[in-house]
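Visitor: If you want the building blocks of each chain, they are given just below.
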Amino acid sequence: MKLIDSIPSGTVKTASKQMEFVTVTVAGQLLGLPISRVHDVFVVSEMTTVPLAPGEIAGLLNLRGRVVTAVSLRRRLGLGDTAESGRRMAVGLENQGEAYGLLVDEVGEVLKLDPDEMQPNPVHMDRGWVGLSQGVHQLRDQLLIVLDVDAVLAFETEREAA
Amino acid sequence: MDDLLLEFLTETNEHLETVDVEMVRFEQDPNNEAILSNIFRLVHTIKGTCGFLGLPRLEALAHAAETLMGKFRDGMPVTTPAVSLILGTLDRIKEILGELERQGTEPEGSDGDLIALLDKMATQEPPVPEAAPAPQTVQTSAPVVLQVLERELKPGEVSLDELERAFQEAPGPAKDVTAGTLTYQVLERPLKAGEVSLDELERAFREAPGPAPLVIDKPAEKAPSQAPTIAATAPAAPKKSGEPAEAGEAGEGLSGKVQTIRVNVDTLEHLMTMVSELVLTRNQLLEIARRSSEDHGYKVPLQRLSQVTAELQDGVMKTRMQPIGNAWQKLPRVVRDLSNELSKKIELVMQGADTELDRQVLEVIKDPLTHMVRNSADHGIESPAERKAGGKHEKGTIRLNAYHEGGSITIEIADDGKGLNFAAIRKKAAERGIASDAELERMSDAQVAKFIFHPGFSTAAKVTSVSGRGVGMDVVKTNIELIGGTVDIRSEQGRGTTFTIKIPLTLAIVAALIVSSKDQRFAIPQIAVSELVRVSPTSEHSIERINGTPILRLRDRLLPIVPLSKVMGLSGNEDANHGFVVVTQVAHQRFGILVDGVFHTEEIVVKPMSSKLRHIQLFSGNTILGDGAVVLIIDPNGLARMVGSESDRNEFQSDANPEQAVVAADEMTSLLVFRGGSESLKAVPLSLVTRLEEIEASTIEWSSGRPVVQYRGRLMPLVSCDEELAIKREGMQSLLVFSDGDVSMGLAVAEIVDIVEDKLDIELLAERSDLVGSAVVRGRTTEIVNVAHYLPMVLETWSRKERKGGPERSLLLVDSSTFFRDMLVPVLKASGYRVQTASTAQDAVRLLSNGLHVDVVVTDLELSGHSGFALVASLRADPQHSATPVIGLTVKPDPQQIALARKLQISEIVSKIDRRGLLSALAELNGTLEEAA
Chain A
1282 MKLIDSIPSG
1292 TVKTASKQME
1302 FVTVTVAGQL
1312 LGLPISRVHD
1322 VFVVSEMTTV
1332 PLAPGEIAGL
1342 LNLRGRVVTA
1352 VSLRRRLGLG
1362 DTAESGRRMA
1372 VGLENQGEAY
1382 GLLVDEVGEV
1392 LKLDPDEMQP
1402 NPVHMDRGWV
1412 GLSQGVHQLR
1422 DQLLIVLDVD
1432 AVLAFETERE
1442 AA
Chain B
1299 MDDLLLEFLT
1309 ETNEHLETVD
1319 VEMVRFEQDP
1329 NNEAILSNIF
1339 RLVHTIKGTC
1349 GFLGLPRLEA
1359 LAHAAETLMG
1369 KFRDGMPVTT
1379 PAVSLILGTL
1389 DRIKEILGEL
1399 ERQGTEPEGS
1409 DGDLIALLDK
1419 MATQEPPVPE
1429 AAPAPQTVQT
1439 SAPVVLQVLE
1449 RELKPGEVSL
1459 DELERAFQEA
1469 PGPAKDVTAG
1479 TLTYQVLERP
1489 LKAGEVSLDE
1499 LERAFREAPG
1509 PAPLVIDKPA
1519 EKAPSQAPTI
1529 AATAPAAPKK
1539 SGEPAEAGEA
1549 GEGLSGKVQT
1559 IRVNVDTLEH
1569 LMTMVSELVL
1579 TRNQLLEIAR
1589 RSSEDHGYKV
1599 PLQRLSQVTA
1609 ELQDGVMKTR
1619 MQPIGNAWQK
1629 LPRVVRDLSN
1639 ELSKKIELVM
1649 QGADTELDRQ
1659 VLEVIKDPLT
1669 HMVRNSADHG
1679 IESPAERKAG
1689 GKHEKGTIRL
1699 NAYHEGGSIT
1709 IEIADDGKGL
1719 NFAAIRKKAA
1729 ERGIASDAEL
1739 ERMSDAQVAK
1749 FIFHPGFSTA
1759 AKVTSVSGRG
1769 VGMDVVKTNI
1779 ELIGGTVDIR
1789 SEQGRGTTFT
1799 IKIPLTLAIV
1809 AALIVSSKDQ
1819 RFAIPQIAVS
1829 ELVRVSPTSE
1839 HSIERINGTP
1849 ILRLRDRLLP
1859 IVPLSKVMGL
1869 SGNEDANHGF
1879 VVVTQVAHQR
1889 FGILVDGVFH
1899 TEEIVVKPMS
1909 SKLRHIQLFS
1919 GNTILGDGAV
1929 VLIIDPNGLA
1939 RMVGSESDRN
1949 EFQSDANPEQ
1959 AVVAADEMTS
1969 LLVFRGGSES
1979 LKAVPLSLVT
1989 RLEEIEASTI
1999 EWSSGRPVVQ
2009 YRGRLMPLVS
2019 CDEELAIKRE
2029 GMQSLLVFSD
2039 GDVSMGLAVA
2049 EIVDIVEDKL
2059 DIELLAERSD
2069 LVGSAVVRGR
2079 TTEIVNVAHY
2089 LPMVLETWSR
2099 KERKGGPERS
2109 LLLVDSSTFF
2119 RDMLVPVLKA
2129 SGYRVQTAST
2139 AQDAVRLLSN
2149 GLHVDVVVTD
2159 LELSGHSGFA
2169 LVASLRADPQ
2179 HSATPVIGLT
2189 VKPDPQQIAL
2199 ARKLQISEIV
2209 SKIDRRGLLS
2219 ALAELNGTLE
2229 EAA
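Residue numbers (my numbering), protein chains in the order written: chain A, 1282 to 1443; chain B, 1299 to 2231.
A few of these clues could be false.
[Unchecked claim] Derived SDA-like pairs: lysine to any residue, alpha-carbon spacing no greater than 25 Å straight-line: (1) B:Lys1864 to A:Gly1340; (2) B:Lys1775 to A:Gln1377; (3) B:Lys1816 to A:Val1325; (4) B:Lys1800 to B:Pro1983; (5) B:Lys1864 to A:Arg1318; (6) B:Lys1816 to A:Met1328; (7) B:Lys1905 to A:Arg1318.
No wet-lab data here; the hints were simulated from the structure.
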């Protein structure tokens, strides 16, 4: 598994208020993950699917000797799987001591945004999305949804447990 | 926190645990000097170190406890309150230590209460007459020493260590010397005097007004520094620690000559991780070597590397092993305290304490074990009075037993208490809606017992305190299952309860078989695998199907087959029959896992499942194989559970516990297996068949198109067992002869195959009247023929004879076995009865109380759930049915049953399989009924 450079640091502006987000794209939608939560970004090569697993879990990955649980952001957002079978990108996250890889369509640049400029979720936004989104940033040409990493990784798994 | 303090904490905690255990032992065996001196030494060491580190509270406490123990040594009787007091002091010391660990300093507070109690206990010593004057003389001497020679005190104290050693080296007489003749001892041996007077002195110190601990603190702190050289100038810092350490080592050397060093657990864990990685890398290398055919000269070194790695792994694993006794250490104390608290007499027996298991596993089971022992003491063992009334020894026993078994360790916790109250558990389960009444009715006690592991069940049970055990048993189960263990309960009312815990020895590295199913690889722990069988439709071993369920015949036993792809939900190719069967044994359950391919065995490093996947019971973890692929580890226990829970019925039968099988399935039935026109096998209970005959086809006569044969001087109608089978016109024709009285019928069959004895479990077929249903006989699906179907075809005579024009009589048949009901109903109908059936006594009572009128009741006396006798008794109690004749069916009549039957005016007891006996009993009844009418 090849590691794409750790996050390009970019030029640090003085404004301390600004937060950095790693942007990813899923089904054309731009989403941002707080950079503090992102460990690395990598290309997914081999993935082991887990039978009987919740739909959100795409499988298990070996990332440098560590077993990483791959979570499909598409499925998490209630979107269908992508038809493309090109190279798959994942964002490495850590939650409660466990390693996760969030599967996305594309990883974009790192953006610096002012938290004050974040708008609350539109009231009519899909309910499944509202739970995962902290708010919306208006960029020049598109909207960026700020993902709540903890919420993304907190999904129901016990429904099948006997 | 400095290292010294840290080390002190670990060491002291260990010492305290030992003292706890030893104290309980000592209480039971107060004359054992070895135990006492061991305790004494440990407490003394604690005291010494505390003084050295400047921990006044701890020191004062330890000192007071030591003083009291000194009195024990001097012959003071060992009483429960005294032991409790010392244990209480130890608890306080532990509290302070805990605080010390968190904050780095001794917490504020006073222990005056405990110390006063300890002192009081130590001073009130009525037993030894000489003891009374002794302290007095010492007391008088004490102030002198205190005031005049403040320094001399200290050598005295340090020499205690020496004394201690002297004690151990000379066990016998030492005690006498200290006990009695103290007065002249002072003169003769100043050292001894020092010891005794010190105790008194320090007490004098504390009794004097002022901040007592401080006063002790100062001399104690300085004492060791000046100990080795009596000169007050000594700056010998290294020596001061050397002295007590030496004493300590001498003590340890006495208890066992094992050289040990203390290693930080983190270091070991790190080592373990590194070895795991090494194992992985080695596997990777081996994988590469396997693939390339060329040998570049590295294969031999690789072999060597592989070997060394294996040894290293073993070695590191060993460092992680600890005797299970470590987890039991607290238990004697727990049981002792509980038995005092509950006023019960409980003995704790521990066997196999030196059984070793992985530290990690040990940590996980420590609390569950304590909890279960506590439960046994609290809920299992009865009060002495109850025990006496129950004819048991007053003293209850809790037995802990640990032993290795294969690759796992088994721990049993058994008590000889009152056992689980199944009725109460059933009730509770129904109340809580965990299971319906009907389900509960069917469940065996063993299944019911499992409810105590149900979350939330416990708390409710505790409130009512009727159902016995169960505070947080669900947590116990979860903890044990988390590490791949299992818990079983065996309980007998009035005899006690045994919990059996099975856990793997280690969690880190296991040997696993790598298999594939639908292009995906899985690992199956080798421990669970007993053999591998290759299957294909053409080979010796092939998979057969019963109603679509795959089965493998293996050495005359039937092995249920679980296609891995099916349980995994990976494409449902239902009729896969190529591949390998991994024969798996889990507890009592044996089954085969059908996989597509088997690769090799590999040592795998078990990595825990992600918390998001942990609910899938099928997997116990995952691992990274030599080639870098992530592979899921199949949990055979989980698989067994999944297979078992696929349907309720399956669960019933797959459970090897015989008491769990339903009554009907439990009975062995002799079956005559034969073949008709079609391929399928047919069978009929042998008890129904009168004779087997083979006749010349030429003797068959056809009267008005119907075949008949002369048989024993009468004409016997023949009928073919199925439509496909034509009755032969030539050659030999096999017949099964059914007869009743002087009427017979011949059932023509193609071939008589065999007579087998098997458990009958019939799946009913509604749509075919010629069959009762189908059953698995010797692993093959077999149609069970309904004889009654043929009777009307040939026996107008039969029914005509039976009816005799009399009015139809009504009959209630009560039998829990569907098979027997279905078998008997047609026969009874053919004999001219209107038949009502009921499967349980309750059903029967309901029918009857709803106004059903019957002339005769035929009931199984061994109804599942309720006794048939109970049914008859309730019949007799009802004026409407008090005179109804009853015929009892039983598998094997015994005198007791017969006596009971007579009492309940049961007209006749007939063997369950004796159909003719039943009919003649009915006929007899008929006679009497008619007479009566």
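Visitor: Please go over all the hints and tell whether each is borne out by the structure.
Guide: Verification of the hints:
With a C-alpha separation of about 19 Å, the suggested pairing of Lys1864 (chain B) with Gly1340 (chain A) holds against the 25 Å cut-off. As the CA atoms of Lys1775 (chain B) and Gln1377 (chain A) are separated by approximately 24 Å, the hinted pair is consistent with the 25 Å bound. At most 25 Å may separate the alpha-carbon atoms for a hinted pair to count; Lys1816 (chain B) and Val1325 (chain A) meet this at roughly 22 Å. Our distance criterion of 25 Å between C-alpha atoms is broken by Lys1800 (chain B) and Pro1983 (chain B), whose separation comes to about 42 Å.
Restraint check for Lys1864 (chain B) and Arg1318 (chain A): not satisfied, since their Cα atoms lie roughly 39 Å apart, outside the 25 Å limit. Of the pairs offered as hints, the one joining Lys1816 (chain B) and Met1328 (chain A) holds, with about 15 Å between alpha carbons and a cut-off of 25 Å not exceeded. For the suggested pair Lys1905 (chain B) and Arg1318 (chain A), the alpha carbons sit about 24 Å apart, so the restraint of at most 25 Å is met.
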